[in-house]
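Mind docking chain Z on chain E? Use the hints.
Residue strings, one per chain:
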Amino acid sequence: MDVKSRNDEIPKEWDRRGLPGWCYHSPALLELEKDQLFKTHWQIACHVSDIPDAGSFLSFDLFKERALILRNNDLEVRAYHNICRHRGSRLVAQEQGTCPNALICPFHGWVYNLDGTLRGAARPDSFPPLDKNEFALRPIEMEIWNGFVFVRFKPGPQPCVAELLAPFAEEAAAYNMAEHVPTDGMWTEQTPVNWKSVRDVDNEGYHVAMAHPGLQDLYGSTYKDTPFVDGISRSDGAFTPTKGRRWAVRNYKKLSKPQDHLPEHLHKTWLYWGIFPNAVIAATPETVLFYQEFPQTTGTSILRSATYRNPNEDRQQRVARYLTSRIDRETVEEDIQLTIWSNEAMASDSFEGFYLSDLEYGVRSHHDHLRNILPVYNLEDAPQEADVSALNASMQSK
Amino acid sequence: MNATPQSELEHQRKLLSARVGAKGSGALRYGAAMYCYNLGLISDDMLEIYRRCSKFDREDPIDLARFEGIAVSSFDAIGLSGTSA
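As given, the protein sequences belong to chains E and Z, one line each in that order. If you're matching positions, the first sequence starts at 5 in the working numbering and goes up one per residue. If you're matching positions, the second sequence starts at 28 in the working numbering and goes up one per residue.
Chain E extracted, bound-state conformation:
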């Protein structure tokens, strides 16, 4: 199935409510989300260009789990648990770096080859012989899609990434994303909201005209969302023909030029591919990027993002890329404020819940995906915290 043949029509009649407010501040539900949603669904760890050489690595923590993405001597990318087989210490403590010869556990000094096998234990005379494969680093399920490295900590309901994102395959291939290179590294920021409030804002474009003057100036009325269907959504905006009233947009429209590798309809378009439950890969003529959010507590989340560029850009493209980042940076700041307002509504006894526009059907479609995984979201009234897990299990078994 390609992007054109997806059935992403908005129903004529649909339930315009959002998730019940209690879902945004229940610690027991958060634990279910961590275990049955985040760990069981594909997560973007990085891009292959973040680990360019043999021994380059990137660590990626998800709650109490931790992944190590590593390039081996054959320049293949592999993912392992960042856990020494001896006492469980993290093998690499930095977020990114290079171990050109071997990985050395900073706790006792066990040494691992770059293919994950054990080279040897420290003080080998104190152990019986150790099999290098039996004591190798434990692999994590990993898949690379157009250069983006996805990991999954536990088996889950999604198919492989290539199948999941197949409707976007042709469109994505045009961007040569696997050839892109990093720009300014990994960006993270803590934000004072439940993670779903971040997604509730990002999953609809109804607010763009009101809240994002830069994006409105850039693509305004052309912007359209398609909802989540089979775990993925898509949005795009084509540059409007006006010159642009705002400085960054005006200059960006002037400087952004057609990229030879892109088909004409993507020469002046920003694209967003949503990946349930918590990530987006976006593409502009100059860049590709991913952004995602992870819950820390019911009321705090981590935003994480990285941007990559065409490897061969000229000065004009570099300036255009700077302008995309400037427009994006403003948009993120504006969105953070919206997420705070949306999230605080969920704590009010007086708020009766969302009543969504057709232009916000993406929010509902995301919530429906959530309800399919954790049916306890369907309870309108907050259950007792101690009952959340059992109620969910009981609803799952029906």
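Among the clues, some could well be false.
As the list claims (entries may be wrong) - Pairs of lysine-lysine residues, derived as DSS-like cross-links and limited to a Cα-Cα distance of at most 27 Å, are as follows: (1) K228(E) - K247(E); (2) K136(E) - K41(Z); (3) K43(E) - K402(E); (4) K261(E) - K247(E); (5) K247(E) - K257(E); (6) K136(E) - K82(Z).
No lab work stands behind these hints, which were simulated from the structure alone. Since the structure is predicted, the reported quantities are computational estimates derived from the model, not experimental observations.
This is chain Z only, laid out in the frame that chain E set:
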């Protein structure tokens, strides 16, 4: 242990004598020392010296071994500290 390609041994041997003080050299030397230990080319005591030096790029393992009275073989010493045992 399986047969080891000579080129890999030579590579690890070079890493074993990575310049003291170079960034990351302590870990490079220890990783290489473990490789050589597995081939029976390095003693338990010397492997332990390399382990102790692995986080300290400026610590010369041969100097430390000699300071502590640990036997330094010609294999250990070549390329490090400019001396042999």
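Hints versus structure:
1. Proposed proximity of K228(E) and K247(E) is supported: the alpha carbons are some 21 Å apart, at most 27 Å.
2. Under the criterion of a C-alpha separation no larger than 27 Å, the hint pairing K136(E) with K41(Z) is consistent with the structure, at around 23 Å.
3. At most 27 Å may separate the alpha-carbon atoms for a hinted pair to count; K43(E) and K402(E) meet this at roughly 23 Å.
4. Straight-line distance between C-alpha atoms of K261(E) and K247(E) comes to about 14 Å, which keeps the hinted pair within the 27 Å bound.
5. In summary, the hint linking K247(E) to K257(E) is supported, as the alpha carbons are separated by about 7 Å, within the 27 Å threshold.
6. Only pairs whose Cα atoms come within 27 Å are accepted, and K136(E) paired with K82(Z) is accepted, the gap being roughly 24 Å.
Checked against the numbered hints given earlier, this structure breaks none of them.
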